[in-house]
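K.L.:
The listed protein sequences derive, respectively, from chains V and L.
Here the first sequence is numbered in my numbering, starting from 1 and rising by one per residue.
Here the second sequence is numbered in my numbering, starting from 1 and rising by one per residue.
By construction, these hints were calculated from the structure, which means they are not laboratory data.
Mixed in with the good hints, there may be bad ones.
[What the hints assert, rightly or not] Calculated pairs, DMTMM-like style, for lysine to aspartate or glutamate (alpha carbon to alpha carbon, straight line, at most 25 Å):
| no. | chain 1 | residue 1 | chain 2 | residue 2 |
| --- | --- | --- | --- | --- |
| 1 | V | Lys389 | L | Glu40 |
| 2 | V | Lys265 | L | Glu40 |
| 3 | V | Lys121 | V | Asp277 |
| 4 | L | Lys11 | V | Glu492 |
| 5 | V | Lys475 | L | Glu40 |
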Amino acid sequence: MVTIALAGNPNCGKTSLFNALTGARQHVGNWPGVTVERRAGTFRFEKGEEGTVVDLPGTYSLSARSEDERIAASYLSEPEVDVIVNVVDATNLERNLYLTTQLLELKRPMILVLNMADEAKAQGLELDLETMRKLIGGPVVTTVGSTGEGLEALKAAVLEVAPGTSAPTMPHVNYGLDIEGEVAKLELEISRDEKLAATMPPRRLSLRLLEGAPDALEMVERSHASKAIQARLESSLAFLDDHLGADAPTLLAEYRYGFARGLVKESVKRGETPALDRSSRMDRVLTHRFWGFPIFLAVMVAVYSLTFVVGAYPQDWIGTGFEWLQAFLGSHLPEGELTSLLANGIVPGVGSVVVFLPVIMILMGCISFLEDSGYMARAAFIMDRLMHKMGLHGKSFISLIMGLGCNAPAIQATRTIEARSDRLITILVNPLISCSARLPVYILFAGAFFSPFHGALVIVGMHVLGFALAIIMGKVLRLTLFRQDQAPFVMELPPYRMPLPRTTILHMWEKGTIFLRKAGTVIFAGAVLIWFLSQYPGINDKSLAIERHKQEEQIKAQGLAPEAEKAAIDDLEFAHQGRIMNNSYAARFGQLVQPIFRPILDPDHRRPEAWKDGVALTAGFVAKEIVVGTMGVLNQAREEGEEGQLSPLQQNLRDNSGLTPLTAIAFMVFTLIYIPCLGTVGIIRKETQSWGWTGFSVGYGLVLAWVLSWLIVTLGRALGLG
Amino acid sequence: MNTTLRLSDLKAGDRARVTSIQAEPAIRQRLQEMGLTRGETLVLEKVAPLGDPMELLVRSYHLSLRREEGACIFVEKEG
Ligand SMILES: Nc1nc2c(ncn2[C@@H]2O[C@H](COP(=O)(O)OP(=O)(O)O)[C@@H](O)[C@H]2O)c(=O)[nH]1
Chain V
1 MVTIALAGNP NCGKTSLFNA LTGARQHVGN WPGVTVERRA GTFRFEKGEE
51 GTVVDLPGTY SLSARSEDER IAASYLSEPE VDVIVNVVDA TNLERNLYLT
101 TQLLELKRPM ILVLNMADEA KAQGLELDLE TMRKLIGGPV VTTVGSTGEG
151 LEALKAAVLE VAPGTSAPTM PHVNYGLDIE GEVAKLELEI SRDEKLAATM
201 PPRRLSLRLL EGAPDALEMV ERSHASKAIQ ARLESSLAFL DDHLGADAPT
251 LLAEYRYGFA RGLVKESVKR GETPALDRSS RMDRVLTHRF WGFPIFLAVM
301 VAVYSLTFVV GAYPQDWIGT GFEWLQAFLG SHLPEGELTS LLANGIVPGV
351 GSVVVFLPVI MILMGCISFL EDSGYMARAA FIMDRLMHKM GLHGKSFISL
401 IMGLGCNAPA IQATRTIEAR SDRLITILVN PLISCSARLP VYILFAGAFF
451 SPFHGALVIV GMHVLGFALA IIMGKVLRLT LFRQDQAPFV MELPPYRMPL
501 PRTTILHMWE KGTIFLRKAG TVIFAGAVLI WFLSQYPGIN DKSLAIERHK
551 QEEQIKAQGL APEAEKAAID DLEFAHQGRI MNNSYAARFG QLVQPIFRPI
601 LDPDHRRPEA WKDGVALTAG FVAKEIVVGT MGVLNQAREE GEEGQLSPLQ
651 QNLRDNSGLT PLTAIAFMVF TLIYIPCLGT VGIIRKETQS WGWTGFSVGY
701 GLVLAWVLSW LIVTLGRALG LG
Chain L
1 MNTTLRLSDL KAGDRARVTS IQAEPAIRQR LQEMGLTRGE TLVLEKVAPL
51 GDPMELLVRS YHLSLRREEG ACIFVEKEG
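Kindly produce the complete structure, drawing on both the sequences and the hints.
P.N.:
Shown next, in the form of structure tokens:
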């Protein structure tokens with residue numbers, strides 16, 4: 001079976017070609033040990049044999065300085081790759097061919113695919129494939145990734161050079177007498193170590209050494225010929241410096257671009273070029289000095305509404321479905337542990353995650369659309385100044401804004417940020433953005449302890465505080481942990497192109513399934529754990545059960561209206577749940593951690609009820625909505641109240657809990673900062689591919705939450721508040 | 001007379017030729033790989049609404065850079 005690898009610049013249409021080639025026969029994973037997506041699939045040649053295709057991350061070069069480049073470079077040297085398919089954007093040949101000059105150095109069978117042939121034609125470019133073929137030394141074909149045009153020719157070209165055929169000799173860039181002389185000397189030294197020469201073509205290794213590539217230097221260090229090679233390299237570099245007036249990397253880049261330009265000159269005829277291309281015309285408005293911002297904000301509002309407003313409907317349906325399922329299981333299965341696990345643990349726990357599915361899919365669809373259309377780069381262009389001040393990247397902004405809706409998809413949205421440090425910082429600060437699930441907690445406390453006006457201010461303040469903390473943490477992380485890791489902001493603004501609906505839908509589907517699979521497993525385990533903690537050891541006291549049964553009979557005997565009877569029985573169940581909860585491991589844990597919370601929630605040691613806070617906040621690990629529900633169960637007061645009045649729970653909190661407005665704020669601040677939910681933890685793990693960073697995120701959230709709440713309470717009390 | 005400027009000193013609409021890049025090797029190589037090699041002509045197309053980054057037209061594609069990186073690139077203005 002033939003394996004091909006798609007290599008090319010970002011935005012050259014690789015993904016479209018890959019999708020056209022494989023259809024649905026593809027799967028997405030990760031490259032080993034890193035966060036970069038690995039896409040592989042199968043396709044059929046004309047005669048029916050199968051082929052495998054691997055899509056490499058889009059890169060501008062093979063210098064192996066970034067994670068993407070390292071992956072591309074190392075995979076392309078794997079014996080498993082039979083043919084390199086170098087995809088280039090035919091409308092932007094010169095820059096795209098730079099990578100081609102490096103791919104040629106790999107000395108492997110290769111074909112050149114001129115994608116975007118339709119656009120090239122529309123721009124009046126005439127591509128002379130025969131001449132190109134001569135210059136590249138391999139087959140050249142044209143394709144249109146969006147329609148699949150030219151795929152048959154592509155497959156035929158692959159077979160033409162596939163192993164077993166006599167592949168034509170490949171040309172390489174001629175770097176001029178001086179450099180070529182030094183390369184030849186280096187090659188000679190390198191070929192003395194056969195093992196070294198087998199891992200990388202000696203010519204490529206020589207060039208990499210001249211460029212000062214760290215990975216090449218390391219390879220040499222491990223060689224038994226390292227002394228000789230290093231000595232050779234030093235004298236070569238000195239010689240070139242003396243003779244050519246510039247350092248080797250500069251010269252190599254210039255010769256490569258010289259080759260690319262020469263190739264374009266000889267094989268492309270330019271017709272009448274339009275005065276100003278379409279993208280520039282669009283950018284006159286879209287990145288305009290005054291209009292750029294409002295348009296960008298409008299796009300953000302549109303994406304947000306589509307995701308969280310429109311997405312709320314399917315979210316509701318799914319939520320209702322799970323509630324129904326829970327009720328159904330509860331009433332149709334025989335009473336017992338297993339039923340309780342299912343109906344009170346797994347179904348609501350998993351349900352609380354699955355409801356995010358529509359939101360995630362819609363947001364990922366929007367992001368994919370923005371990315372493929374070319375607007376994402378403009379958004380980054382517009383926002384970069386602000387974001388850079390925070391130690392972040394222009395593209396971080398979208399992720400932060402979407403965090404207002406839900407942190408989990410917002411963290412997934414960081415996929416579009418290339419530099420690893422930018423991405424990690426964005427992921428780590430995202431949980432500080434107050435997601436919509438925290439709102440009920442604010443509403444509960446703000447309503448109970450503040451006038452409507454002040455309460456609204458407090459709620460707004462929480463959101464502002466979240467953003468402020470994200471900014472500060474971003475800066476702090478940049479200046480501490482990621483100090484060494486500054487990636488330059490060098491970003492292409494690709495031409496605007498209409499994304500294919502198929503690509504967008506595939507992307508939504510992919511993200512949806514990944515979310516369900518990965519976050520689902522974490523949540524499932526978490527749901528079971530929390531169920532266990534809150535239900536066990538339970539109440540073994542038989543007399544209580546009998547008592548409850550008796551009470552239920554009594555209510556039924558009263559002959560109430562069906563609704564009133566149901567309400568009364570519900571109350572009974574509610575009280576029963578409260579008793580189980582108060583006796584549970586979770587409650588014991590709450591009491592155990594009470595000393596930790598004392599300085600912030602009970603500074604005077606006068607609150608007998610303080611252990612409940614610990615329980616509620618512990619339960620909030622699963623999801624913030626649960627904080628309110630748990631408070632309700634623990635305080636034996638319902639959350640729903642009459643319109644315009646405090647709910648029973650709010651009344652109870654205000655009158656009986658012993659919390660003051662100041663400690664209530666501390667509670668809210670704590671809720672804001674500590675880890676948003678188990679789903680987010682799952683996503684952080686998935687996106688960082690590291691338990692270390694996941695743990696760091698959870699840990700610093702807890703510490704920061706405690707310290708800030710403590711500061712607020714302490715300062716507030718010093719000022720005579722509370 | 002042609003004087004050498006920093007790329008970050010150009011104004012929107014200016015056309016200039018790259019004379020040298022003075023930055024640490026990794027950044028310089030990245031800029032060169034993106035096509036900013038010596039002798040290459042570029043046009044400073046525009047500056048982002050907040051004054052940073054900048055948008056260049058080089059090798060007939062659009063590239064954006066922060067002023068920080070732009071300050072490492074020395075150019076000669078063309079008429
Ligand atoms: N006109 C045209 N558009 C294309 C072609 N191939 C891809 N596109 C579009 O170009 C954009 C970028 O393509 P994509 O496959 O995401 O590029 P990648 O970044 O290299 O994976 C998308 O909007 C595609 O719909 C093509 O041959 N012709």
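K.L.:
Please go over all the hints and tell whether each is borne out by the structure.
P.N.:
Here's how the hints hold up against the structure:
Proposed proximity of Lys389(V) and Glu40(L) is contradicted: the alpha carbons are some 31 Å apart, above 25 Å. A hinted pair counts as satisfied when its Cα atoms are at most 25 Å apart, and Lys265(V) with Glu40(L) qualifies at roughly 16 Å. Under the criterion of a C-alpha separation no larger than 25 Å, the hint pairing Lys121(V) with Asp277(V) is consistent with the structure, at around 14 Å. With a C-alpha separation of about 20 Å, the suggested pairing of Lys11(L) with Glu492(V) holds against the 25 Å cut-off.
Taken as a hint, the Lys475(V) and Glu40(L) pair is broken in the structure, with Cα atoms around 36 Å apart against an allowance of 25 Å.
Violation of the numbered hints given earlier is confined to hints 1 and 5; the remaining hints are satisfied by the structure.
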